[in-house]
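Generate the whole structure from the sequences, applying the supplied hints.
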Amino acid sequence: MDGKKLMYIAIALTLVSGTAIYIDQYRRRISAQNDCAKKKAAAKPGENIMC
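All residue numbers for the sequence shown refer to UniProt numbering, where the first residue is 1 and numbers rise by one.
Treat the hints as calculated values from the structure; they're not laboratory data. Don't take every hint at face value.
[Stated by the list, open to error] Now the in silico label distances, taken between C-beta atoms and shown as ranges: (1) Ser31 with Met7: 29 to 39 Å; (2) Gly46 with Thr14: 47 to 57 Å; (3) Ala12 with Asn34: 27 to 37 Å; (4) Ala41 with Lys5: 49 to 59 Å; (5) Asp24 with Cys51: 13 to 23 Å; (6) Ile9 with Cys36: 36 to 46 Å; (7) Thr14 with Ala41: 35 to 45 Å; (8) Gly3 with Ile23: 29 to 39 Å; (9) Lys38 with Thr14: 34 to 44 Å.
Note that CB positions come from ideal geometry on N, CA and C, so glycine has one too.
Printed below as a string of structure tokens:
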């Protein structure tokens, strides 16, 4: 293996792991918003839910 191949593999792995982390954070943000919507829907009238 020459250096260029290794460099390309390293770049590809970085992109893949970066994308995976981004998707994971995006999913967590969506589920947090869904949890918040559920809490607000379940709240009693006059109850103020901050999230």
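Verification of the supplied hints:
1. At about 37 Å, the CB distance of Ser31 to Met7 agrees with the hint of 29 to 39 Å.
2. Between Gly46 and Thr14 the beta carbons are some 50 Å apart, a value that agrees with the proposed interval 47 to 57 Å.
3. The hinted window of 27 to 37 Å between Ala12 and Asn34 holds, with their beta carbons roughly 33 Å apart.
4. With their beta carbons about 54 Å apart, Ala41 and Lys5 fall inside the hinted range of 49 to 59 Å.
5. Checking the proposed 13 to 23 Å range against Asp24 and Cys51 shows it holds: the Cβ atoms sit about 20 Å from each other.
6. For the hinted restraint 36 to 46 Å between Ile9 and Cys36, the CB-CB distance of approximately 41 Å keeps it satisfied.
7. A hinted range of 35 to 45 Å for the beta carbons of Thr14 and Ala41 is consistent with their spacing of about 41 Å.
8. Taken as a hint, the range 29 to 39 Å holds for the pair Gly3 and Ile23, whose Cβ atoms sit roughly 30 Å apart.
9. Restraint check, Lys38 to Thr14: a C-beta distance of roughly 36 Å satisfies the suggested window 34 to 44 Å.
Checked against the numbered hints above, the structure breaks none of them.
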